[in-house]
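K.L.:
Residues per chain are reported as follows:
Number of protein chains: 6
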Amino acid sequence: MSDPFFHPVSGFELPRFAGIPTFMRLPFVPPGHERFSDVQVGLIGVPWDSGTTNRPGPRHGPRQMRDASTMIRAQHPVSGIRPFEQAACADLGDVAINPADIQDSMARITAFYSAAMAAGIRPLTVGGDHLTSLPVLRALAANGPLGMIHFDSHTDLYHSYFNGQMYTHGTPFRRAVEEGLLDPKRVIQIGIRCSQYDSEDLDFARANGIRIVSIEEFHARGPEDVMAEARQIVGQRDTYVSYDIDFVDPAFAPGTGTPEVGGPNAYQALQVVRGLSGVRIAGADVVEVSPPFDPSGGTAYLAVTVMFELLCQMV
Amino acid sequence: MSDPFFHPVSGFELPRFAGIPTFMRLPFVPPGHERFSDVQVGLIGVPWDSGTTNRPGPRHGPRQMRDASTMIRAQHPVSGIRPFEQAACADLGDVAINPADIQDSMARITAFYSAAMAAGIRPLTVGGDHLTSLPVLRALAANGPLGMIHFDSHTDLYHSYFNGQMYTHGTPFRRAVEEGLLDPKRVIQIGIRCSQYDSEDLDFARANGIRIVSIEEFHARGPEDVMAEARQIVGQRDTYVSYDIDFVDPAFAPGTGTPEVGGPNAYQALQVVRGLSGVRIAGADVVEVSPPFDPSGGTAYLAVTVMFELLCQMV
Amino acid sequence: MSDPFFHPVSGFELPRFAGIPTFMRLPFVPPGHERFSDVQVGLIGVPWDSGTTNRPGPRHGPRQMRDASTMIRAQHPVSGIRPFEQAACADLGDVAINPADIQDSMARITAFYSAAMAAGIRPLTVGGDHLTSLPVLRALAANGPLGMIHFDSHTDLYHSYFNGQMYTHGTPFRRAVEEGLLDPKRVIQIGIRCSQYDSEDLDFARANGIRIVSIEEFHARGPEDVMAEARQIVGQRDTYVSYDIDFVDPAFAPGTGTPEVGGPNAYQALQVVRGLSGVRIAGADVVEVSPPFDPSGGTAYLAVTVMFELLCQMV
Amino acid sequence: MSDPFFHPVSGFELPRFAGIPTFMRLPFVPPGHERFSDVQVGLIGVPWDSGTTNRPGPRHGPRQMRDASTMIRAQHPVSGIRPFEQAACADLGDVAINPADIQDSMARITAFYSAAMAAGIRPLTVGGDHLTSLPVLRALAANGPLGMIHFDSHTDLYHSYFNGQMYTHGTPFRRAVEEGLLDPKRVIQIGIRCSQYDSEDLDFARANGIRIVSIEEFHARGPEDVMAEARQIVGQRDTYVSYDIDFVDPAFAPGTGTPEVGGPNAYQALQVVRGLSGVRIAGADVVEVSPPFDPSGGTAYLAVTVMFELLCQMV
Amino acid sequence: MSDPFFHPVSGFELPRFAGIPTFMRLPFVPPGHERFSDVQVGLIGVPWDSGTTNRPGPRHGPRQMRDASTMIRAQHPVSGIRPFEQAACADLGDVAINPADIQDSMARITAFYSAAMAAGIRPLTVGGDHLTSLPVLRALAANGPLGMIHFDSHTDLYHSYFNGQMYTHGTPFRRAVEEGLLDPKRVIQIGIRCSQYDSEDLDFARANGIRIVSIEEFHARGPEDVMAEARQIVGQRDTYVSYDIDFVDPAFAPGTGTPEVGGPNAYQALQVVRGLSGVRIAGADVVEVSPPFDPSGGTAYLAVTVMFELLCQMV
Amino acid sequence: MSDPFFHPVSGFELPRFAGIPTFMRLPFVPPGHERFSDVQVGLIGVPWDSGTTNRPGPRHGPRQMRDASTMIRAQHPVSGIRPFEQAACADLGDVAINPADIQDSMARITAFYSAAMAAGIRPLTVGGDHLTSLPVLRALAANGPLGMIHFDSHTDLYHSYFNGQMYTHGTPFRRAVEEGLLDPKRVIQIGIRCSQYDSEDLDFARANGIRIVSIEEFHARGPEDVMAEARQIVGQRDTYVSYDIDFVDPAFAPGTGTPEVGGPNAYQALQVVRGLSGVRIAGADVVEVSPPFDPSGGTAYLAVTVMFELLCQMV
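Residue numbers (the numbering used here), protein chains in the order written: chain C, 1 to 315; chain R, 1 to 315; chain Z, 1 to 315; chain W, 1 to 315; chain A, 1 to 315; chain S, 1 to 315.
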């Protein structure tokens, strides 16, 4: 039987709009807490947007998503999975990033995740902009490159921006491949669309064996077929799942910095996560939720539902 | 020929943004009005949200929907039905609920609807949260249990909330079955989704013969097939139609208290109502429209379009 | 030297937009916590609006104010007081109110505050609508009636609403006087304005010796003079401070359910709290902050600044 | 004793957020209604913004102000006046303007007001942009020029705009003087500010004897002193009161098309109306409330409070 | 090789949120500019909404769309077309319409477009309400009637509004057919839906051979099949493309004056433009974008993506 | 007579909502333009917020302020100054900052301003966060330290943030004093308020002779008296004026990252600029306008009015 310490607060005891908002109303178990090493899946916030080249805001993502996540209940509606009973889940808090120094922040993020790894905790991250994934991968791929299933409207494979900027939210996976954190032949990017500067990112993908599923292909084939291919590409080895909320059409997820029209709807946004069934998820993130551009809060609520679906796949 | 008294004000006489907003610009015929007994379909507001366990706001629904409903014109685009010429329709006003007393409010609502029933008026209700349906059903089912076609993302079949609260917006149809207002074997719930506390509501449905169509089944089969089954379940006897706006995906209907992602789109939201063709509708409601969470007003406009579709089915 | 356990998280360690939001980034010390009895001033949320007769929303107040309160720093700009070093302050969490039962909720609130009183904790409350003050006073005035300095645009002294409703946000202080929780001769209400139903509340005030300072008098005399009178009225005995955010002009505090135009500006809103210097504050509250009507969040930020001023007076 | 037919619906019978919104919950008595000739003060909407040269929106003003006006109660807080008992007040509905033809609309407006005049009704108008005042004055000044007390940040005295446009919201009072509807020597404009195209309007004012009180003078002298002068200028003859909501500082009234910073606060916005005491008000208007630019609705609520103050002066 | 003068500013040189916003960051080449006659495709704003019979706002469309259009990059994601290298594109500025005179404005618009035509420039227009199309067609159809592919939820074929108003945003194409600007047999209208006043517009269409594809037919057949028919109807002769943003479902495009629920999603909104391949586009417009009703700006961003798709078809 | 090239577009030729928005509708004269050296006052945007330690957004300031600035007309309402006729004013465009590198951005800013200085242009800057002032001062103080009149709610004199970050929006003037760009004895900071981390900034001010006028002192003495002192402190030597929009109370200026309640109202916000009369202004800036937190756009409009007042002082 599961440990009551790790059970979320029930909406029948304390109304869901009440109480201090931790992720999914889980206990707050920061590094140093006496139960830290008992955690199996750690929900971690990275309130950071220094890599943003366009509209900032994801630094506010973790707090808004903690708030929205108090709407999440105990049981998955289709599978019946009760994740909080199947694994010890906890809110590990936010990484103390440094908003004025990208390199320092990346070092702090990697250190935080390395500590979680050392304690045997699998991380489910709430960004932050997409650069967040890079320092996380530096911790998670310590023992060798991972595969990745990546939902996004952008490849984030650019070489650099502006005056040779190597670290922005448009470059994390280029760096991750270069640093040996990802095995490009086990990487699939799904949902890619939008007008482009040029084909430099696509050329890199092609040259390295990264599989790109454009939104046109996604809509033509449907989520189930695409996810079958994704499972095949990553196979039965450790895989990272990175979910940029701008994968979803901006009508469903307006609260993001660089929306691109014509994406999946909210139902498909969940279906693709259900299609991860059987994948060995070493860690996952949901990034680019930007509260200042989300006046009705719907983006955050979609994003926490995606988190819940991810969690049900991870436990 | 139809009675001009019951014709709505035309947008060619008075611009649609002008004038005192009654539902669909119909005449205001409250109880006591000399034409009350001539009304055939009565549009009634129930500005009430005391049953809300989460985010309040539906008490403001009727007023916002009156405002939005001035955009409705005279003729259905597909069937060509001109409902205001086929039946005497009127705005009966709002029930004078008591915002600080649930039992008193329910008594007032039932009394209002009983008076309408006595005058031979079929009601089309604008909520209000979903608890509204219970006191309405108490009036409508005076002569025996009704069938029900229920569009929603939640079953609203829970036994109780918090400290044994029996009357909330999560319990109306449990009560209605218990009180013999609904025949559970003639009840179908369509669009159910979202993470759950537990399976208590589903167990009740199964034990009593209530048919639940999950959103997964809805998306797989499509609106037409599902509605064919719905028509079969309720058959040719009196049926209530209850339409919780959170049935629709929150991208299309953000203005509601407990949105659940992954629902039908707006076109499907209308298609299901068109699928009511031939059903004997004893009354209908559209509930849970919450203006404070609807910054651009789109939810109300969708909801009044649903109302217009319902009205075309009722006349 | 002060106990580091009770120090808020510094914005130099963790950026102010980061981290799980407790009130003013203080430790979370709910009833039952091992440090509970060491707390001197307890910040308590009452997420409740069942007494609201107009626009609901204050149930969301505590969460939004926790979020906004992470902007509060350590030191008062004028007095130099560092309250978190002068007294052990903590976030005691939210009272688990029952959103569907007013009497049950009041009992729960009184029980929570009685426990805090028993532990020697002085409460600083975040509402909730103004009915919140009544069950709080039932705990605080256990040993005899208190004086009260009350900032508001409404007297909240009505006898009843609707069908004889005795417990709404328009009646708490009528009840409190009737129940002997307040000594009406030591009560002053400041900022009263707005069109009235009738003079029933003013008649009650006059008959019982409650001093009412209308907004016209407030603007004519200025905050300092009015507060001198307030201090004199309550004298050197235990006094409750109740601060309804609709005291302030709605340009400065739009996020409230029943705004009344023509109130004090934000500077005066702080000045009156500074005018409490020397008052023996048995407890205080800030109520009627309604996030759904506060699109830019400014009301919450003003309210937490008022809280900080109150806290500096209480330590 | 006053006629109950003309009493507004009480908030104790029907909550203020409920019911079909007429102005101040008064009866709807359009031209042709059997009680039309019994009305003494008629509240009339003119949903029109064809004269707007900048941001449109005031066509939506009457509806939003009807909604907000349900917050108005029965009695003035300072004078104790109960206007609905002192005069038969009613909502006469909206003028059916033609949104695509300025001349046709002006003719319709003048006709509506002439009918009200013929029935002995004094009008209190809700605009609409400021051009609204011109066709209203054409009806009201049928028997000779009126004086005017005009609150605004703009003089609205320009000769023409663009390609010689004579009828815009920047020209109504130039036309009114030219047409002999206003006696310029009995006209005072209060609150004038903002950067200017040139001095053409001020030159016209000076040449014709119109008194302009700049915002600098207003702030230096204060509302009471300025209003004493205003009363003297208009004297004891019939006077029109025109209140452009952009008179007030945009922090208090953001919902308007051409805001100008640095105006009076909300308290002063009411004080100037109280300063009309003793003026013979032939009619009054509140114009330029633009709901699309008023996300929190505060402008409308301020405007209806101004209306209530005006009404208390008119009865 | 293409002329660098006509290249847009790159996001790698100047961040996309920076700089003075011209359409798609193209050079500003107004009439009279020395490079005017070198322009091949001219992007023109018509900031005008005098034809609006419902909610105004499209006068603000061009500016908001210039702002949003700085997000557009250089290359089409599917076809790889780089339109700014294939044709000399420029922002020709806004037509100086007269907001208070419909006829004067139409004359100014026609004159501007005639000048562009004379310089050999094909126009891509940003409205403005839909009446904009009429004066544009007067210039473009100088040499004979055009075909038209028209995306909309309304036919805009009404005879007149109100008191016989012939020129509103509900009548442009009735006038265009009457004036011989459009060949009705080469006109197709796609996406038509919404409740109707009557069938007068449909009768006109039928009588003149205009093909109407209702939204029901659109959803049943899909974009590709419908567009194949559209291409066949207009054939290989000059064709105008008119894209009313209310063609798209309001969840994806809330920022418009007369939204109608149940339309295409954003992906389909782009697909139909891609289906124009091979059509001889004499000019195109995107109209009815209304910023005041678009709090998160998503409508404008969708609209500029549609513009980019149109541009890729035009070059 | 003044050069027509430098005249803004009139609202009588092109409506103020129309056209490509440059600052105050002035000509766009970027570096390299043939008229660059003829410019006397250059309006420059710095779309940059990398120094923000709290809520980001000012990178979007210049674009929103260009939009709002099209409302500015030609003539000052009090002084009658027509600045665009008295000096050649132009929009020099935005500095191409690098959003991912603080040092690179500062170098780019300084280079841009040095070029303007070399051309004899006095700059009026639109930020950007307050760190913007530092690289601007590096260019302007090339020949020796300047005095400064600084309007703000924060001193921005902190030594460092987080892990020793020296360059944030809380440190620019500490750096400027250290680098010899400002003469601290000729610096006055006006409006300082808000809870503090500690007294480190005040200690630095005191030790170096910087004069701080707290908001309490400001409200007690009034704008005119404070500005008389300010003029005396800076004397008749070159002075920089830095205007952080959070100087103003957040009810008047909500669109900023770190609002502090209790500041001046909008009228006082202009009065202090008028109090600069006679000061030798070497350059000025308006910073920290953050559009994502300004839903109704009022902050930008206030800020451009402040800019216009500054411009009238500079010409």
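Simulated from the structure, these hints should not be mistaken for lab results.
Watch out, some of these pointers could steer you wrong.
As the list claims (entries may be wrong) - Stretch by stretch, here's where chain A covers chain W in the computed footprint (C-beta under 8 Å, at least three residues):
#1 22-30
#2 52-62
#3 96-108
Every residue gets a Cβ at the ideal spot worked out from N, C-alpha and C, and that includes glycine.
K.L.:
Please go over all the hints and tell whether each is borne out by the structure.
P.N.:
Taking the hints in turn, this is what the structure says about them:
1. With 0 residues having a beta carbon nearer than 8 Å to a beta carbon of chain A, the segment 22-30 of chain W misses the requirement of three or more and the stated coverage is violated.
2. With a cut-off of 8 Å between beta carbons, the segment 52-62 of chain W has 7 residues touching chain A; three or more are needed, and the interface restraint holds.
3. Only residues whose C-beta sits within less than 8 Å of a C-beta in chain A count toward coverage, and the segment 96-108 of chain W has 6 of them, enough to reach three; the restraint holds.
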